[in-house]
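Asker: Numbered according to the working numbering, the sequence shown terminates at residue 115, and the numbering increases by one at each position without gaps.
The set of hints was computed from the structure by calculation and includes no laboratory data. Honestly, I wouldn't trust all of these hints.
Label pairs and their calculated CB-CB ranges [stated by the list, open to error]: (1) L4 x L51: 52 to 58 Å; (2) V72 x L12: 51 to 57 Å; (3) E90 x D60: 38 to 44 Å; (4) V11 x V56: 17 to 23 Å.
All residues carry an ideal CB built from backbone N, CA and C; glycine is no exception.
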Amino acid sequence: MDSLVLFLPFVLIMGGFMYFASRRQKRAMQATIDLHESLRPGDRVHTTSGLQATIVAIADDTVDLEIAPGVVTTWMKLAVRDRILPEEPEEAGEAGEDAGAGGLEESDELTDPGR
């Protein structure tokens, strides 16, 4: 009976670990399936090997990726890791304000350590 009392917490902890690990894996797999179903020609993607490319065409299990202008290769859909989201350009007013904030005024107060 004592061995059962000692063994039961171990079984419960391992069961909980396996349950949460499987749920995380299922969520990740569903996210990958959703990504592959939402791909469209013109999307920029990363492959599992780190290549950045543009989707030209999509078949059942393959995608044609343009890796350079005029260079199209065929990949399995499973090789597409994620979609590259387009960058939003910064507003011109924000960039100009930030550049002027750290100008010469701050460096005038610094002293030369070589003196």
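Asker: Quick one: are V72 and L12 within 51 to 57 Å, going by C-beta?
Answerer: holds (54 Å)
Asker: Given the hint of 17 to 23 Å, is the C-beta distance from V11 to V56 inside that range or not?
Answerer: Violated: the Cβ-Cβ distance is about 52 Å, outside 17 to 23 Å.
Asker: For the pair L4 and L51, does the Cβ-Cβ distance stay inside 52 to 58 Å?
Answerer: This hint holds: roughly 55 Å between Cβ atoms.
Asker: Is the gap between the beta carbons of E90 and D60 within 38 to 44 Å?
Answerer: holds (40 Å)
Violated hint for the displayed structure: number 4, the only one.
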